[in-house]
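S.K.: Each chain, written out:
2 protein chains.
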Amino acid sequence: MSYHIAVDLGGTQIRAALYPTGTQQPEKLERISTHSAGEMPLARLLDLITAIYPTRDQLLGIGVSAPGPLDPFSGTILTAPNVKGFSNLPLRKIIAEHFGVPVAVGNDANMAALAEWKYGAGQGFHNLIYMTISTGIGGGVILDDRLVLGERGLATELGHVTVQPDGPLCPCGQYGHLEAVAAGPAIAKWAEAQIKSGETSCLPAGQPLTAKSVGEAANSGDRLAIGALEHAGHWIGLALANYLHIFNPAAIVLGGGVTRSGEYLLGPLRQALKKYALSEYYLDGLTLVTATLGDEVGLTGALILARELDAESYFQKPINTTKTL
Amino acid sequence: MSYHIAVDLGGTQIRAALYPTGTQQPEKLERISTHSAGEMPLARLLDLITAIYPTRDQLLGIGVSAPGPLDPFSGTILTAPNVKGFSNLPLRKIIAEHFGVPVAVGNDANMAALAEWKYGAGQGFHNLIYMTISTGIGGGVILDDRLVLGERGLATELGHVTVQPDGPLCPCGQYGHLEAVAAGPAIAKWAEAQIKSGETSCLPAGQPLTAKSVGEAANSGDRLAIGALEHAGHWIGLALANYLHIFNPAAIVLGGGVTRSGEYLLGPLRQALKKYALSEYYLDGLTLVTATLGDEVGLTGALILARELDAESYFQKPINTTKTL
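Top line first, the protein sequences correspond to chains A and B.
The first sequence finishes on residue 325 if you use our numbering, and the numbering steps up by one all the way, no holes.
The second sequence finishes on residue 325 if you use our numbering, and the numbering steps up by one all the way, no holes.
Extracted from the complex, chain A is given alone in its bound form (with noise of 0.2 angstroms):
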């Protein structure tokens, strides 16, 4: 029997499972927090892959979804903020050398978007752009069957697009992005702002909300968190219509937990995808979906990525040096 482990790192938790070739079924699957006082994040998924690792069967590889910006060819992360000790940081190399196997590491994002496109809501379709909307707005995107990465692996930041030059600052340090406008956060603070400014609404002034709050406000009625939620859901069509002039998608595939507020954000998303496209030709047959794998999706795009690893693959090795159109 042979055996591929999935690894999906976060800022909160790390799991990693373990799954027999031919299932998508885990035969172990262990979880625990990202930090512990007194260990590194490092030294925890090391410890973790260990406590699933087969016994006396063979394991044909890794693969590893964490957070951007990474290099995907190299495997190593450039910065992320969210786990201790993981800048510059050659992560593929140092798991490589202390199992004795291959080795991948993908973007979170990615991952989601491979893992949605070949088992999720994405199955099918050879050209669609997947979008997960939560803490901050992320994405990935298949043309042609394939992921794109560009030159260093940091292609499809789908948040990180100017939408309101003057708009609210951005975590990245940039002004307007979509992600400033209409992630979790930003959803958030319209809302508190709104109601500093006098508008009446069921959510407590003057503390500090979340996008679930606000939510499940908007089910109950309150008009101010529907507009909360139809202001986000109208930014991110504007930006989705610019994508689909962009990538020409056949799908798109929403993910995140903010999709969970559904057609108060959806609704007013598809109108705006509708108004600012720029043909019908870009509507015509588009697929408009929310995300099915839920809290699976980055241990499943992990274990594609893994996968991967015993194919012919462009992900993680030299890109060719010859010119095809």
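Everything hinted at is true.
A pair holds if it fits inside one copy or across any two, identical chains being indistinguishable in the list.
EDC-like mimics (lysine to aspartate or glutamate), calculated; alpha carbons at most 20 angstroms apart, straight line:
hint : residue 1 : residue 2
1    : K274      : D284
2    : K274      : D166
3    : K275      : D166
4    : K274      : E263
5    : K84       : D47
6    : K212      : D222
7    : K118      : D145
8    : K196      : D222
9    : K275      : E230
10   : K212      : E230
Worth flagging that the hints you see were computed from the coordinates, not collected in a lab.
All values derive from a computational prediction rather than experimental measurement.
Once you have looked at the hints, place chain B on chain A.
M.R.: Relative to the frame of chain A, chain B by itself:
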């Protein structure tokens, strides 16, 4: 001896050239105006190809660069407002049936991108963005040595993204697109508006300007004209910074008449690119150059397309249905 024919179809003129295999030097090159009283552009195009058609030797294929939007997989022009009769026109089929040889049709901005990548300023790069700035703003993107097309071949409309949500009307009918803010006509309009509002300039008041006249005035030191080019350069730079985050290219190649304004445009463009880039990872080693093929770019792109017809190419073939990373 065997040949390919390349055709560059524009709103003003049609150019066609005959290329012997193994060279980029045409043996014959003819040009005519696209429109003429009493004759449709399609008939003129077929006549022009006939005029340079090799008499005894073998023609291997014909490549056509045409204005979009068009479907490059079927070779159908969807709409081309500047060419009479070119609406829902199966151009590939018509030419192929007329001459009995393989034919391929590609979008003019995409063909220019191909040409600059294979024989121009973009040689040697695996990931590049080509942007042309003239009457409109168009583009083409090469990722991992492949032209980005999308589901229906309508991708990389780089001028049609919103950079100013409340900005000027774009010829496409949307507001605040990059094209509406920074293409040639937008530069002229910006200068006209400044003059109308009382700003001093050597440019004439109360009459229509062109980007060319603004460029000339800038060269003679006119501060208002310089300001108009700075304004355009700034917004193009901001949009290109977004494209760094989206495509992570190794090179940006800028073409089109407006780039002849040189540093008046490119200086502010470069500054904005640096200012708005998410991190140094996107700028490290990035090459920013102007196009080198000049007026030949359309014919050269069409030639590459024609020659690809011989090879195994994903372009203008059914998209394969097996999934690879």
